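Go ahead and model the full structure; you've got the sequences and the hints to work with.
Going line by line, the protein sequences match chains B and Z. The opening position of the first sequence corresponds to residue 350 in the numbering used here, with each subsequent residue numbered one higher. The opening position of the second sequence corresponds to residue 350 in the numbering used here, with each subsequent residue numbered one higher.
Just so you know, the hints here were simulated from the structure itself, not pulled from any lab data. This one's a predicted model, so the numbers in the text were calculated from it and none came from an experiment. Do not take every clue at face value.
Chain copies aren't distinguished; within one or between two, either way the pair holds.
As the list claims (entries may be wrong) - Below, simulated BS3-like cross-link-like pairs (lysine-lysine); rule was C-alpha separation at most 30 Å, straight line: (1) K440 <-> K500; (2) K428 <-> K651; (3) K535 <-> K498; (4) K598 <-> K566; (5) K500 <-> K535; (6) K653 <-> K598; (7) K468 <-> K500; (8) K375 <-> K548; (9) K440 <-> K375; (10) K651 <-> K535; (11) K351 <-> K598.
Protein chains: 2
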Amino acid sequence: MKIAVDAMGGDFAPEEIVLGAIEAVKEYDLDVVLVGDENRINPLLQKQDGIVSDRISVYHASQTIDMDEHPGVSVRKKKDASIVVATRLVKEGVCDAVVAAGSTGAAVAAAMFGLGRIKGVARPTIATPIPNLTGTTILLDSGANVDCKPKHLVQSAVMGSIYSEYVLGIAKPRVGLLNIGEEETKGNEQTLTTFPLLKQLTTINFIGNVEGRDIPKGTVDVVVCDGFVGNVVLKLGEGLASAIMQLIKEAIKGSGFLTKIASLAVLPALKGLKKKLDYAEYGGAPLLGVDGGFIICHGSSKAKAIKNAIRVAHEIVEQKVIEHIRDSIAKEGIVTNDNE
Amino acid sequence: MKIAVDAMGGDFAPEEIVLGAIEAVKEYDLDVVLVGDENRINPLLQKQDGIVSDRISVYHASQTIDMDEHPGVSVRKKKDASIVVATRLVKEGVCDAVVAAGSTGAAVAAAMFGLGRIKGVARPTIATPIPNLTGTTILLDSGANVDCKPKHLVQSAVMGSIYSEYVLGIAKPRVGLLNIGEEETKGNEQTLTTFPLLKQLTTINFIGNVEGRDIPKGTVDVVVCDGFVGNVVLKLGEGLASAIMQLIKEAIKGSGFLTKIASLAVLPALKGLKKKLDYAEYGGAPLLGVDGGFIICHGSSKAKAIKNAIRVAHEIVEQKVIEHIRDSIAKEGIVTNDNE
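Okay, structure coming up:
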């Protein structure tokens, strides 16, 4: 299996991207094609040994897309941009999936133009893994689509459930609709209209409405919501986790001498906690609904996050997630013919 | 000044409500009228000394409204329900503000029917204080109104700014619109339409769009959003904070002997952190936009939360928050004539 990695995207490209790819081919049974400026990538691979040079190749792309460029326009104009080329390699069957850490907008646009949507899917959705007390909750959509119609949420539910089952290995994932109360009568117009549609689905385990607190608790495996709400949830979660870590450090710092000494012994426990809250451990977020494996990473991804994203891309292909989505969308009769 | 407290509302009524009232009159310069079943309230006051019996009186109300009753219907039917009577005492000028810990729906309905809206306000909004790294952010609306129109958000911005300034004592509070990006062009239909309206306001310090992570960071004092989003934010925040505290405890528990011993010394620091994250410290959340001081408390409020809510009610009256809202709504020309 070959994963195309956009080597030029993200705050630490290409250095950390290349490092992540090196770690991935050492750890997993896959090949990586690094797409981007060969003059910058090749020197980073020079001192590598046999396995790495066997399994990593470089595919030159002369352009890049910056964070502040208009995604749709730049993807159409810059035909030799690394993200565009990486996507084309999948479309042409040279590679099996894409990993991208640059502009999320450009990545989504490249995937839409380059791979197209899975037949019947109205809007592709970003499914972000969120750590909880007992495992991982998949949140979707987490920012690709705002002002979603009920059918978009319904398709998200189906796609998220498949991802949770086949990639995270959760049998019969509990799918919940993010709402402001558990009762069926609670909600805004969007959730009130979506609820009965979700209840009708036969391929997922819909457990009803869930609330914000259910995400960290881990009482739900797949949380469906509008991309506006999902994006707020994601950024609040990140911000709150980092604020609490800071408060703990300050509390220890500001305390007495004995506590300071004692805290040295507690530090390993805190590090374990930090690791649990670290998005890098979870790799990237899949863009579900496009016709090919496509993983979007945090812009500040370092090697570990890239390595894990490559692992996730591998899983998506191995577990035939695209095929399962196509089957379920058809089976549920929630096919749409255009980008409604 | 006299604060009417619904003694029958909340999970720990009337015991904890009465205890909170006792603590409040001992600590602050105010009187409390406990509204509810005198046969249950009076015994709880029996052993109290001079100050308490001087400053606390009981006003009998024979009915209560349960959490599962329809708010609007029950408030209209049960004319002798404690929350209805407490609100009437303010309307009649006997008391100056209400504190309520029962059903939020019933409290909002009682306030709407009993006090009415401040002239020009379309929808009253719940303004919830949220702890952040440097102080307190006011989030509104946090659940009273979903599917808000832009003018509702604009009125929320004005009311929240006044509350932050006069009750929390923040000069020129930074008011932000909760969104999925900082740029003016980011957002859903609701925020895109609201942004230019907020920019036109002259009585507030609008700093533009803010993101989920800005709330815990403390880079914004007043965050304006739809009640659906606000409610998700609030419940996610509560859930995440308690999940992280649990993870810390587990991390320490699962670690080696030395760490366990050491952690005993770190406990005071953790307790300080817990206190910082404890909603009880912040009292209740004001219902802004009704024509009278009205504080809604968490259903699981204990004495400390009730005491702090009584303090907040006192501040609202003392600082003439209602008058300031009336003035600003008129001055900004964002008056509406009905519940649009």
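- Which holds for K651 with K535 at a C-alpha limit of 30 Å: within a copy, between copies, both or neither? Result: close only across copies, 27 Å inter versus 41 Å intra.
- Identical-chain pair category, K375 with K548, by Cα at 30 Å: neither (45 Å within a copy, 54 Å between copies)
- Query: Is the C-alpha distance from K468 to K500 at most 30 Å within one copy, between copies, in both cases, or in neither?
  - Reply: within (15 Å within a copy, 40 Å between copies)
- Task: Classify it for me, K351 with K598: is the Cα-Cα distance of at most 30 Å met within a copy, between copies, both or neither?
- Result: neither (43 Å within a copy, 43 Å between copies)
- Could you place K653 and K598 in one of the four classes (within, between, both, neither) given a Cα distance threshold of 30 Å? So K653 and K598 pass the 30 Å test inside a copy (24 Å) and across (27 Å) alike.
- Is it within, between, both, or neither for K428 and K651, if the alpha carbons may be no more than 30 Å apart? within (27 Å within a copy, 63 Å between copies)
- With identical chains treated as interchangeable, where does the CA-CA distance between K440 and K375 reach 30 Å or less: within a copy, between copies, both, or neither? Answer is within; shortest intra-copy Cα gap is 26 Å, inter-copy 74 Å.
- What label fits K535 with K498 when the C-alpha limit is 30 Å: within, between, both, or neither? This pair counts as both: shortest intra-copy Cα distance 18 Å, inter-copy 19 Å.
- Message: My question is about K598 and K566: at a cut-off of 30 Å on alpha-carbon distance, are they close within one copy, between copies, both, or neither?
- Response: both (24 Å within a copy, 15 Å between copies)
- Message: My question is about K500 and K535: at a cut-off of 30 Å on alpha-carbon distance, are they close within one copy, between copies, both, or neither?
- Response: For K500 and K535, both the intra-copy (19 Å) and inter-copy (23 Å) Cα distances are at most 30 Å.
- State whether the alpha carbon distance between K440 and K500 is at most 30 Å within one copy, between copies, both, or neither. within (27 Å within a copy, 47 Å between copies)
In this structure, the earlier hints numbered 8, 11 are contradicted, and the remaining ones agree with it.
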